[in-house]
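*Asks:* Sequence:
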Amino acid sequence: MTRQRTADVRDLDRQALALASGVIAQVQGADLVRPTPCASWNLAELLRHIVGENRGFAANAMSAPVDRSIWDSGDLRTDAYRAFQDSADAVTEAFAAPDAYDRQVEVREFGIFRGRVALSMHFVDVLVHGWDVAATIGAPYHPDPELTAAALTIARQWPDTPSSRGPGAAFSPQVPVSTDAADFERLLGLLGRSPLWTRPF
1 MTRQRTADVR DLDRQALALA SGVIAQVQGA DLVRPTPCAS WNLAELLRHI
51 VGENRGFAAN AMSAPVDRSI WDSGDLRTDA YRAFQDSADA VTEAFAAPDA
101 YDRQVEVREF GIFRGRVALS MHFVDVLVHG WDVAATIGAP YHPDPELTAA
151 ALTIARQWPD TPSSRGPGAA FSPQVPVSTD AADFERLLGL LGRSPLWTRP
201 F
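With the first letter of the sequence shown counted as 1, position 131 gets the number 131 in the working numbering; the numbers rise by one all the way through.
Be aware that one or more of the hints could be misleading.
Claimed, not checked - Okay, the calculated beta carbon distance ranges per label pair:
no.	residue 1	residue 2	range
1	26	63	32 to 40 Å
2	68	25	27 to 35 Å
3	157	78	19 to 27 Å
Source of the hints: derived by calculation from the structure; they are not laboratory data.
Because the structure is a prediction, the values reported are computed rather than measured.
Glycine residues also receive a C-beta, built at the ideal position from the N, C-alpha and C atoms.
Given the sequences, and given the hints that come with them, work out the whole structure.
*Replies:* If you want it as structure tokens, here you go:
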């Protein structure tokens, strides 16, 4: 896991959340049934996952005992954007605490991590899921090179084993990309996405 400086990771995460927010604000009701680069989810299911992840990171960063079902609690209510924004604000608030990065944060079934490491995981997750949403609705998505470079550095430290890749695992198998691929394309491939994915309809 990365050893990014606390302030830097907080800033990176806020930027990734803002980027995702700008894309999710463009989602229309008719888009929710669209397939996504996350093959087992349509857009509504992906957004529920993102909201649940935000709520899970926020709750666990508060150091109180949390039921693991929080990670699957991504209710979109009647407004997917508002549900996302509320959950994003909760993450930012939880990790703004002065001692947040020294806390022990449980992240799903993956284990317990120092707060700064947990937030680095959240940062990468949000940055890539922002692309998933953008690709699904055909919206542009251009993360700042600093965000991409930081996310790639973090993700390269994650396990790449049979138990961590494939059906039922945390990640899909890596997708090969061209030798001259841009850093964000490398990040997508590393985390099991094809940079060439386009929505089928």
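*Asks:* Quick one: are residue 157 and residue 78 within 19 to 27 Å, going by C-beta?
*Replies:* violated, 39 Å
*Asks:* Holds or violated: 27 to 35 Å for the Cβ distance of residue 68 and residue 25?
*Replies:* holds, 30 Å
*Asks:* Range first: 32 to 40 Å. Now tell me if the beta carbons of residue 26 and residue 63 are that far apart.
*Replies:* With a Cβ separation near 35 Å, residue 26 and residue 63 satisfy 32 to 40 Å, so the hint holds.
Hint 3 from the earlier list is the only one contradicted by this structure; the remaining hints agree with it.
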